[in-house]
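Place chain B on chain A using the hints.
Residue-level listing of the chains:
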Amino acid sequence: MSAWPLSTWIGLFGQALVVAALGRFLREQLASGRLKPLGPESWLPMLVVLFVPLDGIALAGHLRGLWGDLSITSLVILALYVVAPHALPDRPARIWSVLLTLLVAFPLYGPLVLPIPRMQRDAYWLGWHPQSLLQLLAIGAGIAAMTSRWRPRWMLVLSIALGGYAVDLLESTNLWDYLVDPLLLLIFGWLAAFPSSFCNPSRTRIARRVEQPHTE
Amino acid sequence: MLRSRRRHGVRMRALLTSRVSSVLVFLLAWLAAFILAPRPNESRFAFTPPRASPTADNAEFLATDLPRPTPSAHASSVTVLPDGGLLVAWFAGAREGASDVAIEMARVRAGRVESTWTALTRAQLQGMVQRVIRSLGNPVVWVDAQGRVNLHVVSVSYGGWSGSAINHLVSEDGGAHWQSARRLIVSPLFNLSTLVRTQPVAMADGSWGLPAYHEFIEKHGMFLQLRSDGAVRSAERMQKYEGGWLQPAVAALSPRTAVALLRSASKSRPFIGVNRSADGGATWSLGHALEIPNPDASVALLRLCDGTLLLAANPTRGGRGTLQLFTSTDDGATWAASRVIERDDSGEFSYPCLAESPDGIVHLTYTWRRQGIRLCSFGRGWLRSDGLGDPMLGGGQ
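Chains A and B supply the protein sequences, listed in that same order. Going by the numbering used here, the letters in the first sequence line up with residues 1 to 216, in that order. Going by the numbering used here, the letters in the second sequence line up with residues 217 to 613, in that order.
One chain only, chain B, in its complex shape:
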């Protein structure tokens, strides 16, 4: 019995290691990989033609401070829920990078905070992705075509922010519970140093494009094309000027074109950087940096329903004490200064995020003095009626 089993084992090994059988096995595996591998397709953004804004004559402005359960809060992200309410996410804890930092969320409707909760802790994410996690940061929250809330969140296992990776989670109940946690693998070397900060862009085929950036050794922008299940389909590098450029904010201008505005970490060129794509995000080329200064601070970009581009930024040479809006009606070629949201040189009003409701109301969230998150909602009319007479700051293609 034992001898027959041993003979059988030897025969099996001989079969597996013979030239003919190994060629056949290789052919089968190669064919499977070749047939099931993704095919190149023409990438297109989900683009809606401009229409008149329903709030063109609405000059209302409403500011709401979100609850502050912790000493420090930063990096908010806002999205409009299918029921018309807002979902705001941010990270909060003792200080940035601390092990007690968690992702907080708030549901807001018409300026009233309906509920707040701790949506994700370090320990919860650690259990879901089965990797050690030392700290959390930069949540990006958005709603997909099925109405599910998606969360991309940066986590660090070892080292600082340049050792980060991006995690993707999905919630079927508006952000109360999370499932389908997945790590986005974007780099061959220990998947080191890919971060996210700004809102994704919908693609025409139902997938998503996620602006991201790389920090290890060099800082440069990236555009991740995601499959509908959240896995990475491709990662494209953005181009850069001298120095470090990160946290691209992307807006689609047509089904094939888009503009990305980048935070400058460059000492020689402290202005908002520009990349453009003419092929649905498949490649990116360098544009002329805007003349709007950037003190190494994140920017937010949104294409409003009437086709106007809206930019929120800290337009100073140093510090994040001024938060201001800018508009462009020529796809980002020139920019006009609009309303100043905050101004106090001793304060920090940073990391803005923009969203627009179907009813045309624009929502802006930002870090308020690192102590909390402030939400501002306004009509398109308020944006237009600035009355400041600021000069056109100019920009470039």
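Chain A extracted, bound-state conformation:
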């Protein structure tokens, strides 16, 4: 087991985080009152997914085989949701959720990548030749920094993803795989469709209290 590279551990841990976050989300929907960060509804499923074998491999390995590894962005957001929900970045405004969903869904998961083989290159190809993608990110970040659009916590999540890419943290060598994945799209799509979800009143109170001095 110790011979596995770091990317394998991150991949397995990511699957455990998905299940832990799902557990927490369900508990939030069902239970009233405040939930502790990393309560049993989170860590119990994590332990099961990481350590219970099925057909010779941990459950996390089955999930990895099904949908692959998470992006660093998703990993950080899920980890915050499970361990320190009060530190989560602000929910983006509905219009931003819609825009982000479309921006990534269309070129990466829409018809441009999969069923049009006559296209020599597609958006995913840019992730292997990332200079222009990185320059676009810098321009976007520069505009946000000079206006009121800068969101420190979102930018920190993005910074961790970029840092992960710089040191080859995942098995993939494509920059897109560090920034986005289908799960993140699902989350943004969900937020765009149901803007009031993930809105446990107690969590919102905690978040408000903690975030008050440093409004993003």
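Zero decoy hints are in this set.
Stretch-level coverage of chain A by chain B, calculated; a stretch enters the list once three of its residues show a Cβ under 8 angstroms from a Cβ in chain B: (1) 6-14; (2) 55-64; (3) 129-143; (4) 146-158.
Label pairs and their computed distance ranges (CB to CB): (5) A:102 - B:575: 57 to 65 angstroms; (6) A:105 - B:285: 44 to 52 angstroms; (7) B:405 - A:136: 17 to 25 angstroms.
If you're looking for bench data, these hints aren't it; they were derived computationally from the structure. We treat Cβ as the ideally placed atom computed from N, Cα and C, and that holds for glycine.
Just chain B now, with coordinates in the frame of chain A:
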């Protein structure tokens, strides 16, 4: 004590979430990514100028059946080891796609099978890549500049072959033990449906180009540029005619040019497809399909040391009952029919693979009636002395 720790935590959070500090952190991360990201470079194939074949006058032919430990065997791959021996890999089990399918290997020298072994099972690969694996297929075995044996192998976690992914393993002991297992990530959507079948091409900078293909929704060829550690540097799409085209076999023609021949899954155009690259595999353009028929069957392509292109294919409209060789001395513009290796309409002789030893002997492996793998070795002289008088079948640029 507790209060001071809490104050410290609040201060840390404030620092991290302040505009200035987050801008600085972003700048640092962006700079690191920008500096360490791969730079575009001029891609070149490792190309050796043509020389006279040492076996030009050697008309010997030797056929060897490899051991058959299982009812079914398919998709062989052959490579020449640094000691001059041959390493053959194939998948074998109860039937294609069955959970007991494993990668078998054999070491052969001068037509004599020295050893055979089960090189990789589903459970072994599952443990190495830590992903569930239901079945294995299409091994591609090759030796790198350091003399290490590399294995690319297709695996399926859920669904059929169109849900496949490629795994890369390295062996320091000639294929007995495997390490450094890595999954090649080539698609953003669950890394679905990338397969490999044919031999890689060496690049001038020590890296490798791996012909691959995509099957989900559309079938098209791909050319993966790999880093020296086996990770994907880039993936280029090949162009296609109407219908499905897969399993490209690539040969370098010069440091910058290459030709790829593709299996046809197209009902409207059942001929061998052609793609060409003029920039070291960075882009591929469509060529005219060959006039050699293709019954939805894999082909093998090899550039011999004298510059001749050698093609092994099933040149029929239906079925894989005939396996024949073709040669081209004009970089694939025209093709001449050469020796027929097998002919029996009720049989299957398919999925050929070609390799050439430094001594000029050419090796061909293929699936024999789905029951086993046959290895044929012959001199360049045997290839030339066909005596069949087959017409030039023609082709296209």
